[in-house]
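8 protein chains.
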Amino acid sequence: MNRPQLVAVLAQVRAGTLSPEDAARRIGDLPFAEVAAGTVIDHHRELRTGIPELVYGASKTPDQIAAALQELARVSGGGLATRVDDTKAAVLRAQLPAARIDATSRTVMLGERPARPAAAKIAVVAAGTSDLPVAEEAAVVAEFLGAPVLRVYDVGVAGVHRLLARVEDIRSADVVIALAGMEAALPSVLGGLVDRPLIAVPTSVGYGVAIDGLIALGAMLTSCAPGITVVNIDNGVGAAVAAVRIARMAVPA
Amino acid sequence: MNRPQLVAVLAQVRAGTLSPEDAARRIGDLPFAEVAAGTVIDHHRELRTGIPELVYGASKTPDQIAAALQELARVSGGGLATRVDDTKAAVLRAQLPAARIDATSRTVMLGERPARPAAAKIAVVAAGTSDLPVAEEAAVVAEFLGAPVLRVYDVGVAGVHRLLARVEDIRSADVVIALAGMEAALPSVLGGLVDRPLIAVPTSVGYGVAIDGLIALGAMLTSCAPGITVVNIDNGVGAAVAAVRIARMAVPA
Amino acid sequence: MNRPQLVAVLAQVRAGTLSPEDAARRIGDLPFAEVAAGTVIDHHRELRTGIPELVYGASKTPDQIAAALQELARVSGGGLATRVDDTKAAVLRAQLPAARIDATSRTVMLGERPARPAAAKIAVVAAGTSDLPVAEEAAVVAEFLGAPVLRVYDVGVAGVHRLLARVEDIRSADVVIALAGMEAALPSVLGGLVDRPLIAVPTSVGYGVAIDGLIALGAMLTSCAPGITVVNIDNGVGAAVAAVRIARMAVPA
Amino acid sequence: MNRPQLVAVLAQVRAGTLSPEDAARRIGDLPFAEVAAGTVIDHHRELRTGIPELVYGASKTPDQIAAALQELARVSGGGLATRVDDTKAAVLRAQLPAARIDATSRTVMLGERPARPAAAKIAVVAAGTSDLPVAEEAAVVAEFLGAPVLRVYDVGVAGVHRLLARVEDIRSADVVIALAGMEAALPSVLGGLVDRPLIAVPTSVGYGVAIDGLIALGAMLTSCAPGITVVNIDNGVGAAVAAVRIARMAVPA
Amino acid sequence: MNRPQLVAVLAQVRAGTLSPEDAARRIGDLPFAEVAAGTVIDHHRELRTGIPELVYGASKTPDQIAAALQELARVSGGGLATRVDDTKAAVLRAQLPAARIDATSRTVMLGERPARPAAAKIAVVAAGTSDLPVAEEAAVVAEFLGAPVLRVYDVGVAGVHRLLARVEDIRSADVVIALAGMEAALPSVLGGLVDRPLIAVPTSVGYGVAIDGLIALGAMLTSCAPGITVVNIDNGVGAAVAAVRIARMAVPA
Amino acid sequence: MNRPQLVAVLAQVRAGTLSPEDAARRIGDLPFAEVAAGTVIDHHRELRTGIPELVYGASKTPDQIAAALQELARVSGGGLATRVDDTKAAVLRAQLPAARIDATSRTVMLGERPARPAAAKIAVVAAGTSDLPVAEEAAVVAEFLGAPVLRVYDVGVAGVHRLLARVEDIRSADVVIALAGMEAALPSVLGGLVDRPLIAVPTSVGYGVAIDGLIALGAMLTSCAPGITVVNIDNGVGAAVAAVRIARMAVPA
Amino acid sequence: MNRPQLVAVLAQVRAGTLSPEDAARRIGDLPFAEVAAGTVIDHHRELRTGIPELVYGASKTPDQIAAALQELARVSGGGLATRVDDTKAAVLRAQLPAARIDATSRTVMLGERPARPAAAKIAVVAAGTSDLPVAEEAAVVAEFLGAPVLRVYDVGVAGVHRLLARVEDIRSADVVIALAGMEAALPSVLGGLVDRPLIAVPTSVGYGVAIDGLIALGAMLTSCAPGITVVNIDNGVGAAVAAVRIARMAVPA
Amino acid sequence: MNRPQLVAVLAQVRAGTLSPEDAARRIGDLPFAEVAAGTVIDHHRELRTGIPELVYGASKTPDQIAAALQELARVSGGGLATRVDDTKAAVLRAQLPAARIDATSRTVMLGERPARPAAAKIAVVAAGTSDLPVAEEAAVVAEFLGAPVLRVYDVGVAGVHRLLARVEDIRSADVVIALAGMEAALPSVLGGLVDRPLIAVPTSVGYGVAIDGLIALGAMLTSCAPGITVVNIDNGVGAAVAAVRIARMAVPA
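Residue numbers (numbering that gives the first Met the number 0), protein chains in the order written: chain A, 0 to 252; chain B, 0 to 252; chain C, 0 to 252; chain D, 0 to 252; chain E, 0 to 252; chain F, 0 to 252; chain G, 0 to 252; chain H, 0 to 252.
Excised from the complex, chain A in its bound form (with noise of 0.2 Å):
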């Protein structure tokens, strides 16, 4: 249950059309729905921080995540997992022929993405191909939590001018979230070219000394641009959860 949603049960009962009994039901529904052996669904996530629960894939069975699917669609209309690898992505397009698998995210939405607060937009910008999945990941999560968002990719710093030709376009976003792997140059480029808070997405994109994205991480930390700000390596959802709360203070209420 979301703020909205709240309003919504408590309007209803200022109108009359539901007793208070009713809605202390409906309110007082259990906020934690077991849903499948260890997988607890926590409905009053959104409530208390504004963020719905989003399904992690990667640590659950196929089984696992189609429940926590079909909880959270039943609750709030719509559910979406996220690391769901091509062979749990399989099992899941036969178990849930209504959901929408996203092969490049490694994504499953099923049903509608509930009614969220309002958002401005949000610019995702990848140095490589190689960072598409987690390029798309922040994406989608943005989109599911009711953000616009701008996709700018493949403007890696060694071909600056590609970047320097899509600066306008980022520039119409309010929040830009910037992933890069190896050398991680792209947020401190474009840290000097826009005036908009940034986050920062270190991939594991490379070999050798790239050390699974710790080297990535690393020059985002010490960018000499001020005012970036970093998440864990490959965290798209965690970006996109920071950008999303910007995103909604960035429109006025």
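Calculated from the structure, these hints are not laboratory results.
This structure is a prediction, so every number in the text was calculated from the model and none was measured.
Be aware that a few hints might be false.
[To be verified] Derived, one-sided and incomplete: chain A residues facing chain B with beta-carbon distance under 8 Å:
#1 48
#2 94
#3 95
#4 97
#5 100
#6 225
#7 226
#8 229
#9 237
#10 240
[What the hints assert, rightly or not] Partial list, derived from the structure: chain H residues whose beta carbon lies under 10 Å from chain D:
#11 47
#12 55
#13 58
#14 85
#15 86
#16 111
#17 112
#18 212
#19 213
#20 234
Note that the Cβ used here is the ideal one computed from N, Cα and C, for glycine as well.
With chain A's structure known, arrange chains B, C, D, E, F, G and H on it following the hints.
Coordinates of chains B, C, D, E, F, G and H only, in the frame set by chain A:
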């Protein structure tokens, strides 16, 4: 020169009180001023990125700091230096009697804060008293950049009731900066209590396996509370700049 | 042979129902039994350290695990193996139909729990559902060693009210084992709420900069709550053994 | 205010010698006292966690240490500061002539040890003479918290017969703290010889690949002797607090 | 060709039973033989360094291992391959029916051990059963190089009496190889008990913070027992070669 | 003695103006001169590798530096010392009044630059003013070795237009040395803009997770711009030597 | 389109055999061609940087590799893919019967090598046979880019006479690429023997503390032979590109 | 008391020149002497391990060093202290005028070298002049323990001919200690040239990625030359003790 100053110049041109030639000269003032051997002030930076140059005192001599502050005060009305240790501060106290030196935050301000765009309130929340220097650095910089600041200190999670007692206060702010050293659990707890953008700052407080803040940094990046973003260890300036960029968006244009 | 068994043998000698020669033979049974190529059971271990040998399944074949469990059951009445993955468990299910195989904790028990010294209650508190395998390993081992166990799961600090709601329960135990992965903030919060001995177990849950549990380990070791002690990553067995040693002291002799 | 003090106040109320109003005032005394700029004493901490606040001298000036000790002595009868180096100790010797300064353990005590709950005996076992500062820190803190302490020093494993000669002594204690630097093998050998709760403290003794205690820490965490728990490098205070929590349980209520 | 073979050739020349031309041809045999694509056998290596080439199976296909062993057997009478895993061993069993394959040490020997210089006895001492593959690799290689070997296994320090019971045996050897994983305390204890050259081999046994043997390596290098030398993790071959070099010196010329 | 000096000697021999005996003596001059306790000058080094010995001041006393420079000046006309800090420089100023001491590059030159092979132009490009000491070290060494140098400083990527404004200048050089600390993005951007050999030098500029230049090093090694090569952190000398070796090839023989 | 192709087009325009409109169209051909989902070919790259796009096979499916090679062959006459493992190579063998697949270097070439600027000879020197895949990758890429290559393999420093026997050969080249794993001492020895630009490539050959090439990388960066530059672990492509840039300068224009 | 001293005492008993009671008293002298607060001398150590106690000066005050040396000289005729820095040496020069202080090796010897078992010759081979302090520490300790030492210094591999010129000298020794910092290639080259036991000592010489000797240590452990063993960084004492143990075996009993 910041954007309001630029707009003012252009308004004078439209009003006929300033000739285009003079305006061009003012605008065209060499954007970089060399104020001392090896110290260059970038006066157009604020125009490009919304944030003026701050003097990073750790890598400068007192002479260089003084020269940079004087140049900033001359052109824009006021300048701020950070990471000015006690020894350098003592020298500057003699050189710049008009400067305001703050021992806790290790900052030195010369002149007045220039007018800046409106910004919403920022809460600076620190876990322990050892985190105060970085917390105050963030608070002073945020104020210098035009944002009102709410300080909430000594609310580490080992006494979680102290934190809970201050949650309503923290919720009155639009952006939250959370600082902690050692195991750095504060942002995780806070992230489950507020729905605001939350910027976490690891501090180098701790010993042994704390490894100069690396564990605090890692803990913040792997926080189970989604939507937290992180800056470099002890980077109060970076957190303040990021928070101000967000806080400016939370104010209707 | 554990201490009660030894005392029983000696009592029989005093009572005249067992000849000294037979007693000597029973006590003198070769303390190490080789049960399969390279697998040695140390039967006097419990006498020396109070803790019987537990079969570490990760480095053994199903044949070796089965032989070790049978030897332990033969001599002391019951044996327990840990870290038995699904593949090995399937083989053992066929080899040892009488064994109780527990998928979550990855343990296999053959025979009955031998009588053990009395022990006070141990609370096993886990932050997230991904921590369950290690939490259950700790719980099952503690129970096998004779301690009653209270399970409190899914009380991670990002929803601190859930933890607060269970604090009174946790306080009913005499020793606390707290498990968490990622930033592992649970023990710090818990350490400020209970005055019991608290053993923290970092788990390898997480990705990217979590580095297979190293950040969780570091966070627990640098906890701002004094008096927390820590075991190796994912070491549910070690935490249980340490907790039982303490819990036995909390029971009047 | 610790629990016995609280019980005494309440007994006075029941006896009619203290009015409820006065009792409330005494109990309600602001639990946090600010004793010097940035130094806060948490007087209710002992009530909550059973352990009084200890003054961590490493991050405080002599003035702050003195103020904190005086406040603790005023309210509870006695205070203890740790990590007071030689320079600070010299200043404190002048400021607090009544204080007892111990050079080896780097501790300063003002007033008398307040009455504390009974606790069983704790053995503090150190591998080498270089480990003495941390060993004594643990011993002094344990004694301050009310536990009798047995010191067993210079029993490193490279001369294992010296350790064996002291095992019976060590077994007379109910809890064991074992300290070692370099390869830190002492707890592993000890863990096979005693059946008591064993808390291992890595010290930063060593050079080269010892890496300031990280190898000692890792060795203790991977000990082949089960049931050993570990605290941060050089953390004598933490080991003492954990040991006292256990030792209090070993005494019949 | 090793030194005895060379001396024999030269003796034949002096005796007139071999023409200088034929001798030259034999000696001058191309020292490097290419036996399979990318696999080169260095036949003069033993002449230069006293140690023949050993076939490192980990980086070779079964075909390459077979070809190398056949070439070594052809020229010097016998060859040894190490790090031959089960899969490769199965292929070699079919290809080289005459080879002796040893599963524990993962070695394959073809032909007979060539005569080698006399060497004193080497003790191979291992802490746990998980260390056996590396221990046997060291033992088999040492025997192949001509040294008698005493095996002392399963004497880890967590049961120090088992080790003490074997010390006299170990002292009968002239050189000691000590293997241990996890916290690797065995060499430290052993180093205080014997006055022989002691070579320590860290093994990758362990999990979590054991970090694939890095902690064991660090513990051995920082041992408080002076005079211990160390080889790479799991490097049984290197330890054996070093021990044999020493053992040859312990035999009167 | 460098190659031109050798050729000159041999020409004198052919011309009959130098006897073979004298020539031999000159050439045969002991190639290593001991100039002070523990300081040896290798006079034939330039003949072998094309690069004369440079005096590494960091590990030498002022006396040793002075003696080495005097020996180099005596034999080849001039010598250069690097890593001479302010304290040592002050001593040398008194000892060697004729020396040219450069504070920024921390170099001291005695005598004149000996004639060296022709070399093409080298651009030394530095990201920030904090990188100047290393940049100047590279520039001064390159000039000492005979290459013309173009300095392009303060062109960090956070203000990418400043870098673009200098690209044509940089393209006028035949080899590029790029220096940067922190996230070290400069070489990646530059590598996409120029087609010259590009040598990257990480500097130890930065704090926190910059880890004394390790992140900068890692970022340069994982650069997405192919063909960049890297030297050790702060290694201006190494970069200059590598660049000069290339620049000499860019000049027709 | 590379520079010769561009010059040819422009020559046609001057000769009147190509209309300016057609020329513009040819030049203006969209520089980026999308050849398969997510795979973009940058046809102007060679014009900008002198190096054509090489297909990095590790992050692509066989279909993507095939499409990229066909597009490159169509436009410029020939394309090269690297890091094509055996499985992908088998698929490509069927899809692209005309492609030349090289198992050792893991490369696939389609079409003919386009004409490229003249380049001097490059020596590729490898320490051991395990380094061959990376050495051949470097050699094949260098040849594809137009440079003649001298291969010198199996000259590791543990048999330094083998290396010395090849030094004159190596000196015949103008640029040297040196590859080594494990302790990677080859470049240090070689750097003292040749005066050519020397690019060192660490390989991931080794086990235990070799840490996947990190020690080899560190050893090369700290080499005592000045003027060595280094690329990422196993980065044969990067070394070849850097070497070719240099080798082109060694040829008179 | 060492073995010859013990034998001498026993011989006196047999000869009747010493009463059993007096002999017992001499032998039974308390094996540990406390010579200053916290400094204990283990007089039976040589009897147990063949090596007398050496005074490790780094962790002792000048008073403690002096007391330890005097006690050792009193009982056995002579004592040696290592890691005595310049400041401590100056104090000792005044306290112990009879002591021989050696600045390079940082050692102090009081009295005469006691008679020790015969030992074969040890070569101490160092790569650079910066390695001399550790090399001399090894040499002085080896001599103190009774072994003749051959010093071969400044033979780093970047000038491999210098090393080759000394190989015959080195081969005259029976054991080799090889020291090097930075990339530490010396043992690998040497390991291919000599067939003696070879002990490698990494030194902390170097900067940047040398990481205080960790790369040198890693390089030595991964050496491609088999049979090299390694001690801790800068551990000249450990190398000398290990070498002497070997060298004593190379001498017929």
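Hints, one by one, checked against the model:
Taking 8 Å as the C-beta cut-off, the interface hint given for residue 48 (chain A) holds, the closest approach to chain B being about 5 Å. Because the closest C-beta pair between residue 94 (chain A) and chain B is about 26 Å apart, greater than 8 Å, the hint is violated. For residue 95 (chain A), the shortest C-beta to C-beta distance to chain B is roughly 24 Å, which exceeds 8 Å, and the interface hint is violated. With 8 Å as the threshold, the beta carbon of residue 97 (chain A) stays out of range of chain B, its nearest partner Cβ sitting at about 26 Å, so the hint is violated.
The interface hint given for residue 100 (chain A) is broken, as the beta carbon of that residue sits about 22 Å from the closest beta carbon of chain B, more than 8 Å. With 8 Å as the threshold, the beta carbon of residue 225 (chain A) comes within range of chain B, its nearest partner Cβ sitting at about 5 Å, so the hint holds. Checking residue 226 (chain A) against chain B by beta carbon gives a least distance of about 4 Å; that is within 8 Å, so the hint holds. Taken as an interface hint, residue 229 (chain A) checks out: its beta carbon lies about 5 Å from the nearest beta carbon of chain B, inside 8 Å.
Hint status for residue 237 (chain A): holds, given a least beta-carbon distance of 5 Å to chain B, under 8 Å. Interface hint at residue 240 (chain A): satisfied, since its Cβ lies 4 Å from the closest Cβ of chain B, which is below the 8 Å cut-off. The interface hint given for residue 47 (chain H) is met, as the beta carbon of that residue sits about 8 Å from the closest beta carbon of chain D, less than 10 Å. Evaluation of the residue 55 (chain H) hint against chain D yields a held restraint, the C-beta minimum of about 9 Å falling below 10 Å.
Checking residue 58 (chain H) against chain D: minimum C-beta separation of about 5 Å stays under 10 Å; hint holds. Residue-level restraint check for residue 85 (chain H) is violated (minimum Cβ-Cβ distance to chain D is 18 Å; threshold 10 Å). A distance limit of 10 Å between C-beta atoms decides the matter here; for residue 86 (chain H) the minimum to chain D is near 16 Å, and the interface restraint is violated. About 27 Å separates the beta-carbon of residue 111 (chain H) from the nearest beta-carbon of chain D, more than 10 Å, and the hint is not met.
Interface restraint check for residue 112 (chain H): the shortest CB-CB distance to chain D comes to about 24 Å, outside 10 Å, so the restraint is violated. For residue 212 (chain H), the interface hint holds, since its Cβ comes within 10 Å of a Cβ in chain D; the closest pair sits about 6 Å apart. The beta carbon of residue 213 (chain H) comes within 7 Å of a beta carbon in chain D, closer than 10 Å, and the hint placing it at the interface holds. Below 10 Å, beta-carbon pairs count as interface contacts, and residue 234 (chain H) has one with chain D at about 7 Å; its hint therefore holds.
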